[in-house]
Amino acid sequence: MTNMKSNVYLLAMICLAGAFVTGCQTYKPPMASWRQGNVQDAAKQFTAQAEKNKDNKDTVIWRLEQGAALRAAGQYPESDTAFDAAEEKINSYDEKAKVSISQETGALLTTQANLPYKGRDYDKVMLNAYKALNFLQLGEPAKARVELIRASQRQQDAEENNKRRIAQTEEAAEKLKEAKDDQGKPIKGADKGKEMADKAKADPNFTQQVKTNYGFLDGFQAKTNYVNPFVYYLDALFFLTANTGRSDLERARDSFRFTLGSIGENKFIKQDLEMMDQVLQGTPIPPTTYVIFETGCAPIRNQIRIDIPLFLVGVQKVPYIGAAFPTLKFQEGQLSSLNVGAGGTNETTALLSSMDSVVGQAFKDELPTIITKTLISTAVKAAAAYGVSKKMEKQDALTKFLMDLLLSALQASVNIADTRTWNTLPKEFQFCRIPTPLDRKLELSGPGGMSKLEVTVGDGTVNLIYVKSTSATNALMVTQIKLK
3 MTNMKSNVYL LAMICLAGAF VTGCQTYKPP MASWRQGNVQ DAAKQFTAQA EKNKDNKDTV
63 IWRLEQGAAL RAAGQYPESD TAFDAAEEKI NSYDEKAKVS ISQETGALLT TQANLPYKGR
123 DYDKVMLNAY KALNFLQLGE PAKARVELIR ASQRQQDAEE NNKRRIAQTE EAAEKLKEAK
183 DDQGKPIKGA DKGKEMADKA KADPNFTQQV KTNYGFLDGF QAKTNYVNPF VYYLDALFFL
243 TANTGRSDLE RARDSFRFTL GSIGENKFIK QDLEMMDQVL QGTPIPPTTY VIFETGCAPI
303 RNQIRIDIPL FLVGVQKVPY IGAAFPTLKF QEGQLSSLNV GAGGTNETTA LLSSMDSVVG
363 QAFKDELPTI ITKTLISTAV KAAAAYGVSK KMEKQDALTK FLMDLLLSAL QASVNIADTR
423 TWNTLPKEFQ FCRIPTPLDR KLELSGPGGM SKLEVTVGDG TVNLIYVKST SATNALMVTQ
483 IKLK
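In our numbering, the protein residues as written are 3 to 486.
Be aware that a few hints might be false.
To be verified - Within a straight-line C-alpha distance of at most 30 Å, the following computed DSBU-like cross-link-like pairs (lysine-lysine) qualify:
{"#": "1", "residue 1": "LYS54", "residue 2": "LYS120"}
{"#": "2", "residue 1": "LYS366", "residue 2": "LYS213"}
{"#": "3", "residue 1": "LYS56", "residue 2": "LYS331"}
{"#": "4", "residue 1": "LYS145", "residue 2": "LYS98"}
{"#": "5", "residue 1": "LYS91", "residue 2": "LYS470"}
{"#": "6", "residue 1": "LYS46", "residue 2": "LYS145"}
{"#": "7", "residue 1": "LYS484", "residue 2": "LYS443"}
{"#": "8", "residue 1": "LYS91", "residue 2": "LYS59"}
Just so you know, these hints were derived from the structure itself, not from any lab.
Let the hints inform the model, and build the full structure from the sequences given.
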């Protein structure tokens, strides 16, 4: 009778474990409409998801997606509201003296996907940059100024934030030594989690798997860590055209120089710097049209499995030995460039900022911490599972079988990589500048005349033509901002 009750109890636990597995799926945003260029539908879909997740661990990422989709759909006030909600949540995390170590330690026993998404540094920079663009398109330059100053500060803070993340991981690993279950008993293997993870990282088989799966990151050698040149260029254009005095003009010149230093030789920025010298001497800005081109989609995160050498962590026989890690998948199918024709002159947009590189470099910097956390988590859970299995050796065959199923289900339920990332960012920002033609007519097209479109430039002295394309097969989305 006792065995029957135990078996019924185990069956109930397995059912609960199955439900838990279902509830712990990785982040999967609805991207079909977005990639097809149907930004109105995409905005509705992301808004629905953002409202559904308005107060949980995924609030920030859904609000970022919502803000970008609403912005692309031309709903600038609504976009700002979404970005404000994301920023409020981000700031509430940042204002804490440090990340809750108890949360970090708990995640080492379950999964990193259970932690709140707090926004990566490039998320925060782009959030403020997009808010600045929204305000410019709404004719509110004073508010745009505030957002650009915030974006610049976030770029400066990024390196220190990376150091802080590493320190928090080490502290959380140390706290594992004190980890206890809900009955107040020490969790088996937790006290040696960091030691076991270090042994696993030194194993040749494991290091080879890491090299095989992440070798693509070797190609990311950012000239300046944590920098998005697009944001500095936007900063330069704003403080050039909305300047309130010489200090703003000097800031604009510095931002142009920083952009040039970040992306290398570029004729457009050299022209900007030559113009800046003249403007600083009192010469008016000549009629100029700038074109910024957002093309394609940013990398997404997928989940991969890497086997852990469990003999190194003191476990010989457990029902589940794979560990889930995130990886980047780069998106293709974008327009490679934009041709801009004006008054007999033709220019092709040049690369300003590769979000593949920005995201890839950030992922590369984050990877050692991801590996450490995942190895600790896997080692602790494997040791705990092994301990339970040992205790069940004297049970009858059915009870042992059911317990193995339960352990497998529970291990799988927490063996999930954190695949949350801002999917609606572009793959690249490109740009060019041209003297505004007398007839104010521009012809935009992709390579080979794809997606051809004629645009009439507004009546400003300095205008920004903002062009977006999520795929080479979609029509160009064009908006204008009168900078001066």
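Cross-check of the supplied hints:
| no. | hint | in the structure |
| --- | --- | --- |
| 1 | LYS54 to LYS120 | holds (18 Å) |
| 2 | LYS366 to LYS213 | holds (12 Å) |
| 3 | LYS56 to LYS331 | holds (27 Å) |
| 4 | LYS145 to LYS98 | holds (26 Å) |
| 5 | LYS91 to LYS470 | holds (28 Å) |
| 6 | LYS46 to LYS145 | holds (26 Å) |
| 7 | LYS484 to LYS443 | holds (15 Å) |
| 8 | LYS91 to LYS59 | holds (10 Å) |
Figure legend: structure checked against the earlier numbered hints; every hint is met.
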